[in-house]
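Undergrad: Listed below, chain by chain, are the residues.
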Amino acid sequence: MLPLQHDAQMDYYGTRLATCSSDRSVKIFDVRNGGQILIADLRGHEGPVWQVAWAHPMYGNILASCSYDRKVIIWKEENGTWEKTHEHTGHDSSVNSVCWAPHDYGLILACGSSDGAISLLTYTGEGQWEVKKINNAHTIGCNAVSWAPAVVPGSLIDQPSGQKPNYIKKFASGGCDNLIKLWKEEEDGQWKEEQKLEAHSDWVRDVAWAPSIGLPTSTIASCSQDGRVFIWTCDDTSGNTWSPKLLHKFNDVVWHVSWSITANILAVSGGDNKVTLWKESVDGQWVCISDVNKGQGSVSASVTEGQQNEQ
Amino acid sequence: GPGTHCVDWGTYRASLQGLTDRKTTDPMEKMSRVTTALGGSALTGRTMHCHLDAPANAISVCRDAAQVVVAGRSIFKIYAIEDEQFVEKLNLRVGRKPSLNLSCADVVWHQMDENLLATAATNGVVVTWNLGRPSRNKQDQLFTEHKRTVNKVCFHPTEAHVLLSGSQDGFMKCFDLRRKDSVSTFSGEAPEAGRAGGEVRWVHHRPPDTFPESTKRVGEDQLGKGQSESVRDVQFSIRDYFTFASTFENGNVQLWDIRRPDRCERMFTAHNGPVFCCDWHPEDRGWLATGGRDKMVKVWDMTTHRAKEVHCVQTIASVARVKWRPECRHHLATCSMMVDHNIYVWDVRRPFVPAAMFEEHRDVTTGIAWRHPHDPSFLLSGSKDSTLCQHLFRDASQPVERANPEGLCYGLFGDLAFAAKESLVATESGRKPYAGDRRHPIFFKRKLDPAEPFVGLASSALSVFEIEPGSGSMSWFVDTAERYALAGRPLAELCDHNAKVARELGRNQVAQTWTMLRIIYCSPGLASATSLNHSVGKGSSCGLPLMNSFNLKDMAPGLGSETRLDRSKGDTRSDTVLLDSSATLITNEDNEETEGSDVPADYLLGDVEGEEEELYLLDPEHAHPEEPEYVLPQEAFPLRHEIVDTPPGPEHLQDKADSPHVSGSEADAASLAPVDSSFSLISISHALYDTRLPPDFFSALVCDMLRFYAEQGDVQMAVSVLIVLGERVRKDIDEQTQEHWYTSYIDLLQRFCLWNVSNQVVKLSTSRAISCLNQASTTLHVNCSHCKRPMSSRGWVCDRCHRCASMCAVCHHVVKGLFVWCQGCSHGGHLQHIMKWLEGSSHCPAGCGHLCEYS
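For the record, the sequence lines run as chains L and Y. Using my numbering, the first residue of the first sequence is number -13, and each one after it goes up by one. Using my numbering, the first residue of the second sequence is number 18, and each one after it goes up by one.
To be clear, the hints were calculated from the coordinates, so they are not data collected in a lab. Errors might be hidden in some of the hints.
Stated by the list, open to error - Calculated lysine to any residue pairs in the SDA-like style (CA-CA distance at most 25 Å, straight line): (1) L:K178 / L:P230; (2) L:K265 / Y:D496; (3) L:K265 / Y:Q156; (4) Y:K780 / L:Y(-1); (5) Y:K106 / Y:Q185; (6) L:K265 / Y:T754.
Chain L on its own, in the form it takes in the complex (with noise of 0.2 Å):
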């Protein structure tokens, strides 16, 4: 019997998938050509998994997986096995997310707790990670992290040759404070909230910033325990000015807003274990793609009995 899942994750190259659960442990499935075989059992973890991440491929095959045990682990492949490269205890409480920054960024890693911090390790070389914390990000606990994609102030050319530009890193979290919280690093390289965003009744489940893929604004989608789930735009080039657009109100709670690569279609999967597909149209408007108009029913992805490639 396969234990509760929390969460799966396709790689960087859609390659493969890495599942964690509540049985401590977290797998990895070669998923090419609609197979699924099992490569990897990694266990290390004293509690339920809750999520993984893939770290961008330029780094190689790095997994982060954070736990109710208060651990994150990093996972590595090397030489075709997979193995602990390091164990970050620096929580008093339930990891929740975890979150790799843009490549760009070196290898970071953002890990958002219940006890109501997030910490954010950054690979400094040598098998050595630096850890910085940011100590009640939100208050009760931290449910999701996720970081904006990498933007440089001015033009790439604009940067002085051999060095790396100056990017302003940036993070979204949500909590239990129902709030979502931008974090920007400062010059000195300390962590600092930027903008408190405002609109849900109840826990933050899920945030998530979309890739900006020819996209001219900054968008964030952001679900909630009260059922609805926003769509947070930014189009002044401050990125002080975050106006939510409220996408659907859900009867039950949604647990995971996910943006495609080109952050066009929006996946939402609620508490009424149903995933819905949305899309925003011309006129600015978030519809359900695939609705009843189409034919198509209702998008729910009803999960039926049957089976292939069983494990």
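Once you have looked at the hints, place chain Y on chain L.
TA: Below, chain Y alone, put in the same frame as chain L:
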């Protein structure tokens, strides 16, 4: 005098007989009477706490559910549990000098007699307390038989006078409160471990504090020989009158018959490391829960021949106490003795996430007790943080609720991975699949088996949904990327081709856009005009790959100057060409033929250049630049230079950005050119307007179109059009946006492993920031030709063997300039020398015996 002596079986049996006699009243009857005595009225109260004077070690609730006793090293008090608060009722620590006997490790309140309590002291003394005593000191009896800390005391659930103790010294003792001594002693040592079985020892002595030091515990020391493991917990079975369980430091659990102290009925290893606690299930006769330092709670079925593990709960800290929750068959509460201050209630069927969590304590929780044996909602706890708490179940935080039961992830191709709680799935599966649902589950990890007792168990189904083309699948992206033509042909052909590709993929809007672009930018009817430049476009790029394959980054500075010289020559030449071509570009008749900007940069290089130049020269009447803004030749072809000489890095680009007009005479020539050709502009402009609007007229529209596609997530279209139209729209879109589109598109291409397309886009891009990507990602690993170790520094000299690495193997001189080497043996030399050498021999000129290969 003090000492030890043995009592024979007869006496022992006799004493037990008493127990058995009293058993004639049915224990169940007594139990129910207890319940009745507690009254049927529901408990009231709220989550609350009160401060104690000192850290608590243990708590126990009176059977009236209205009082609780708290015991610790320096506290021993009874509190009344009122609706709004705890009220101190009695302090049992009396007397001037604090006695070690009052340093309590455990306390237990008799569940039949409201006046009877027992404490276990850290000095090994077991004390009973009679609240009915009229004096201030309620101490009743003192048993000083254990030689080390007593960890646990336990009253018999139905027998008023029977008390059991378990100590660090490895012994369990059963006391009859009507006697001064223990009735029997049980040794935790395994029966087979060699201690004389069947021997019951009676140990008599006075309380330790009055005991003469010299004679103290002679017998006990003997008794302690070959000592067994410390006893951590003892618990009478609730249902089996004679049975009790004990847990040990070494991970063992023993089951005893109280009448048989010689040997335990059963023993098994329950945990890895100490078993700190155990608790019998209040209803299930055979179920025993044990908790250990190994962070696990295990539920054992003791009714079977071998103790069978029926459940295992994995907690995140060692388990110090475990208590079944009343009226909830599968629930139990635990607390830990270190690290974790919380109290958890687990559903044993949901073994990883607690059902409820009480987070009130700021230090380790040491004692937990359900307030009433039939009320599941009130839990009391004492802690090292010197507080006593009442927790209401409804106020508990519920980590299970926090736990996210679903996983969702967008795959690359628009497929979705979705893991969901199976109980939900089970209800869902009753439903009919939606007609026309176009997501097809391609695999399921688990087939639901109706026979499987999964009720209440949490499990997941993981599905991956494919999305059919058109609705969000990314296969169109890959097809389009692979099939689009971006350069190398006249604009009209490119547009036609791309329109065709889009149409074939069912993307009619995109196809229409390409067609419109063709109409806007190419004059009608001339699309198929034969292109003069075709020969150029298809012109071989011979020699180029070879040149490029040498990355001269680390080579001699002399070489750099050489190439720079070459380049400036090239600049001169091609600049002239470009002026011509861009001028020709927009002439109405032949613009198809001279899509200079669409020709891949490398096609313009090398030997072809000469021809190209000649072609234009042969065609002077085409030089009719009508739009002044097209005369920006250097910007149109910035890439050309970089490909020729592969500059070391962005600084070179920087230079160019600063001075787009290269330098000196070339710049002059460039600026002069448009002036020269501007004559003809006027002469033909009328004719142009006759046939169509100038393309410039549409540029704002086209830019809007590009932005539209980009916003739709189709950055591919934006970039493709940008490349195909080249100079026509580039100026109207700010550099940063273009850069952003390029980087987005390149990143997408790389995610789909479309390396060739990605490289082509990088090459064709006009953004300097993009084109330097090609160089940034090229790394050359060089080995020293002497020691064969990788060269780490940038110089010529190997760090390890301190010899010059770039010696020509043929002429033995240092190579300045082009250096060619074999990747197999690291030997090489001057290009000319090596080429010559290889004509005669395929072996390495250095004599290493390697059969060199040069690609």
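Undergrad: Taken at face value, is the distance from the CA of Q185 of chain Y to the CA of K106 of chain Y at most 25 Å?
TA: violated (32 Å)
Undergrad: Keeping to a limit of 25 Å between CA atoms, is the pair of K265 of chain L and T754 of chain Y held or broken?
TA: Distance ~23 Å between K265 of chain L and T754 of chain Y Cα, so the pair holds.
Undergrad: For the pair supplied as a hint, K780 of chain Y and Y(-1) of chain L, confirm whether the alpha-carbon distance does not exceed 25 Å.
TA: Holds, at about 23 Å.
Undergrad: Regarding the pair K265 of chain L and D496 of chain Y, is the alpha-carbon distance no greater than 25 Å?
TA: holds (23 Å)
Undergrad: CA of K178 of chain L to CA of P230 of chain L, is that 25 Å or under?
TA: holds (22 Å)
Undergrad: Can the restraint linking K265 of chain L and Q156 of chain Y be considered satisfied, given a maximum Cα separation of 25 Å?
TA: Violated: K265 of chain L and Q156 of chain Y sit about 77 Å apart, past 25 Å.
Checked against the numbered hints above, the structure violates hints 3, 5; every other hint is satisfied.
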